[in-house]
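Q: Letter by letter, the chains look like this.
Number of protein chains: 2
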Amino acid sequence: MSDKIYRVNMSNLSYTIEDVPAKWMGLGGRGLTSTIVSEEVDPECHPLGPNNKLVFAPGLLSGTTAANSGRTSVGAKSPLTGGIKESNSGGTSAGIMAKLGVKALIIEGIPEDDNTFYHVHVTKNEVLIEPVPELVGKQNFEVLDEMLNRYNKKVAVMTIGTPGEMRMSIANISVKDPQGKFRSLGRGGLGAVMGSKKIKCITIDAENYKEVHYADPEKFKEASKVFTKSLKENPISGEGLPAFGTNVLVNIINEAGGLPSHNFRSGNSDNAEEICGETMAENIKERGGKTTHGCHAGCVIQCSQVYNDKEGHYLTSGFEYEMIWAFGANLGIKDLDMIAKIDALMDDIGVDAIETGVTLGLAADTDIIEFGDGERAYELLKYEVAKGTPLGRIVGSGTGNLGKIYGLVRVPVVKNQAIPAYEPRAVKGQGVTYATTPMGADHTAGYAVATNILNSGGYIDPLKKDGQLELSRNLQIATAAVDSTGMCIFVAFPALDDPKCLPALIDMINARFGINLTADDVTNLGENIIKIEREFNKKAGLTSSSDRLPEFMKYEPLPPHNTVWDFTDEELDSVWGYLDDK
Amino acid sequence: MSDKIYRVNMSNLSYTIEDVPAKWMGLGGRGLTSTIVSEEVDPECHPLGPNNKLVFAPGLLSGTTAANSGRTSVGAKSPLTGGIKESNSGGTSAGIMAKLGVKALIIEGIPEDDNTFYHVHVTKNEVLIEPVPELVGKQNFEVLDEMLNRYNKKVAVMTIGTPGEMRMSIANISVKDPQGKFRSLGRGGLGAVMGSKKIKCITIDAENYKEVHYADPEKFKEASKVFTKSLKENPISGEGLPAFGTNVLVNIINEAGGLPSHNFRSGNSDNAEEICGETMAENIKERGGKTTHGCHAGCVIQCSQVYNDKEGHYLTSGFEYEMIWAFGANLGIKDLDMIAKIDALMDDIGVDAIETGVTLGLAADTDIIEFGDGERAYELLKYEVAKGTPLGRIVGSGTGNLGKIYGLVRVPVVKNQAIPAYEPRAVKGQGVTYATTPMGADHTAGYAVATNILNSGGYIDPLKKDGQLELSRNLQIATAAVDSTGMCIFVAFPALDDPKCLPALIDMINARFGINLTADDVTNLGENIIKIEREFNKKAGLTSSSDRLPEFMKYEPLPPHNTVWDFTDEELDSVWGYLDDK
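Protein chains in written order, with our numbering: chain A, 92 to 673; chain B, 92 to 673.
Just so you know, not all the hints are guaranteed correct.
One copy or any two copies: either way a pair holds, since identical chains are not told apart in the list.
Pairs of lysine-lysine residues, derived as PhoX-like cross-links and limited to a Cα-Cα distance of at most 25 Å, are as follows [unchecked claim]:
| # | residue 1 | residue 2 |
| --- | --- | --- |
| 1 | 630 | 673 |
| 2 | 215 | 95 |
| 3 | 645 | 630 |
| 4 | 289 | 645 |
| 5 | 114 | 190 |
| 6 | 190 | 556 |
| 7 | 215 | 376 |
| 8 | 425 | 473 |
| 9 | 673 | 629 |
| 10 | 289 | 473 |
Hints listed in this document are in silico derivations from the structure and should not be mistaken for laboratory results.
Chain A on its own, in the form it takes in the complex (with noise of 0.2 Å):
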């Protein structure tokens, strides 16, 4: 009845299912796969090789019925940053494998046979690993259509397609949703490393879960019912995020001088009316399809839709704020029915929204592409990226690696991670998380435009460096604790600002495990994974030159506001420079 640790050796196509040591009893998602990584894999190790793990885990909350629970979290050491990584996504994996009892799965090794793609199918008593030669040069849709006709409907689906296949950094994991479509444990290029160990596809077993067990049913009923309506009364989370899903963003990011646009050379964006939130909710309200929608059951924000066509016929979902203005914004494609396409056809092929589209928006600064050129976008996805080709190779590598073959200086990756939709040099808090993080530039690792635009937490002047450092610092130490909790990152608006948020969070876990955990443990917690994500990284090699935004950033004012990056070496090395000493 207890969880256990799955482990899948591709070396040798053997398993194992082993009890939970005491020390990684009390960890879940983000905890629990950034401590398996460090504990068991080489820093020094070539990601793609051997001796690299891919490791998933559902949060401590997973499974649960509290409200915004169910996040799977994908950790490795990653060939896209060098560091250590941990992706984490919505999609119905949390819930299954929390049910099952699957604490954590493992995978390990490579096989010798070099031609070979595999399926593993993990049950409650034992994992099937099965060649899968059909299902190779497949995409998504497809291999998750092959899964439901041999499967109950319910069962969990993790797969890559293509680009995943060749081991391309862009390359995600997509994840089924409640709704048959996809979620993504999108950055990092852990697509690459699934690829890498030649599985095709995972599935976990839908058939033989049970619910998973409460220590004090009544007191978890009781935290969860709070929790609930803080965040169902939030102004974000209640009301902005459900009605315009994040897209709701591009006006506002792009009012505050922050929507990074043509390839980061402005923080405004001319087609900001032909792509925002409320422009999307018109059409949906005009051809059908859903404003609210949720990515896993379960889920009371709704932040996700389903978007139609003129004809009103289904489109795509899961149409995000990161989508819209990487392709709308940086890249400058104005039809937002163009990107709904690209959008589709990238759940399809699995490549992360982020990498992918700054990735052509660098390219835009080449021959590859012109701004605004949708069609071309998505010709080089369907029949370059998706097939292989030198050119879909070189925009498969990710944003910063295209920057070396091209020659390119204006490149806007922090440890080779590309940036995401928030201006550093407009948006300072931001940029300190993407600076310092030890995932890269990652905008989920500690959100500072909460408080330095969206006025949750209180607020703090996002073109000034005052208060951002230590902003930054305790947004990702709250983030990296609740990454553990398989909660998504928008109960941050109500815990920032909702005293009885937090507490009743903390409430839900001890009530779930029958322990005492206190607010200061829970800071603890977030502190030391970083602590031992930095540690990982700093034996990988990256350095505190690594904690740096692009140098462009420091010599080239950004309009509308024109700021330059001004923050110095030492203030951010001071981000984490006393938990390297502790």
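Starting from the known structure of chain A, arrange chain B on it as the hints suggest.
A: Relative to chain A, chain B alone:
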């Protein structure tokens, strides 16, 4: 009459001619370029951005009558390794710079206008910086012809081909030699740095120079005689190299099981007989050409050659072991004439033989090319790399980057720079040099092959670890000093075996400048150069984990000896640990 620093600022197309600061007075070659880069370049800058600098310097003895003193050094932050780089080459530039009184030429900044390339002409009293739209897209020999039309035929010319214009990491800087052919400032992608500064070619006036001044001409002449005798009487520099060229090494290294073949899968090549120095010498005898040939005035080793085709027409010159190994053994091309044809093409387009050859060897693990296909290799370079097609950009980005783009694991690089023609698993002292030199994999940085295979400076078993760390350390220190004199690396053989050689070299420096260097001073100079290079690298983000060979060499035994790379991290870190703490 005294030497000057010539400083060119490409941002505003200006120049200054400055007195040599006292601290740089006793430096030349690598010692000077590494010092200037270390003092003036921000280690965190983008190597292709406005804050990198490209520094040319002749050696301390360049321009004198000392044998083999004609090497020019060039330094910068490398776009390939991300660390400091010094590359040196024969040709006529060192002598002419020295005689003109150019202690160093420093190129800074980047022009605002990205569409123009410039020609920089250095004379005694001024520097001309002129746009040369007519030379854009031209290759080296055409640029050279144009310069020889404009100036005295002795003019020194340093130029880049189209790969350099396109800022590819395999691009070198080509230096005119006495015969009007090219030598290469090959490694580390410094041709890309020259391209980033929008300089198509640099010429040094050869009309108004004077013979260099000797503080003690008699003492110099005396020491010079001893030194030359030592070079001529050594069996390697006096017999083996003149008779068969550097390519004498193919059979020797193949026999030792250390000739990397088929992308570092074996230490033996099937093709050794077809491509070895003995075959080459026979061809030259039959077809005409020259077996002995110097790359700069005053060379007494004459390891170079002129190689003709079957009809007796000129094919190429400077046809070196590394080139022949990379294409003949590692890429597996059997036809020496085909390799010569590729060599001539590479001289023309200006790409590094080692980086390019090893990249194509790695590419043979993909669908880009098959092992042994010389025609395809030629076409890839002529129609893809030189034209900058996507595939050409991939090959042009070098071994490490191609590995990333194709998600490969068996990638033979250190610090992202391709490993040269001695297998570290079978020539372990050389492996220590590859791992620990600040330069990235570089055989010339500490040529342990001498003592591991050639019985020069004693003998240390190449397959065992004993003694290799110390051997490599001592050679690296001596080499850093020798690289500062303008001497070619092959003076190492007599220096290791003849007790009169090194004192004579030091006497020449003393007699030239009227100083009193001791052998200890020279050791200190070498050690100090490595120290500042390592400090630069550390600030640039390279760490001890950069001082490692590729992981696959640790678990993949190399035939025929079936040895693996078995130095521990601690052993490798001990090479320079004492120096970092100094």
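Q: If a hint holds in the structure, say so; if it does not, say that too.
A: Quick rundown of the hints versus the structure:
1. 630 to 673: Close inside one copy (17 Å) and across copies (23 Å); limit 25 Å.
2. 215 to 95: within (9 Å within a copy, 78 Å between copies)
3. 645 to 630: between (28 Å within a copy, 18 Å between copies)
4. 289 to 645: between (42 Å within a copy, 22 Å between copies)
5. 114 to 190: within (21 Å within a copy, 71 Å between copies)
6. 190 to 556: neither (45 Å within a copy, 53 Å between copies)
7. 215 to 376: This pair counts as neither: shortest intra-copy Cα distance 44 Å, inter-copy 76 Å.
8. 425 to 473: within (20 Å within a copy, 39 Å between copies)
9. 673 to 629: both (15 Å within a copy, 23 Å between copies)
10. 289 to 473: Within one copy only: 22 Å inside a chain, 36 Å across chains, cut-off 25 Å.
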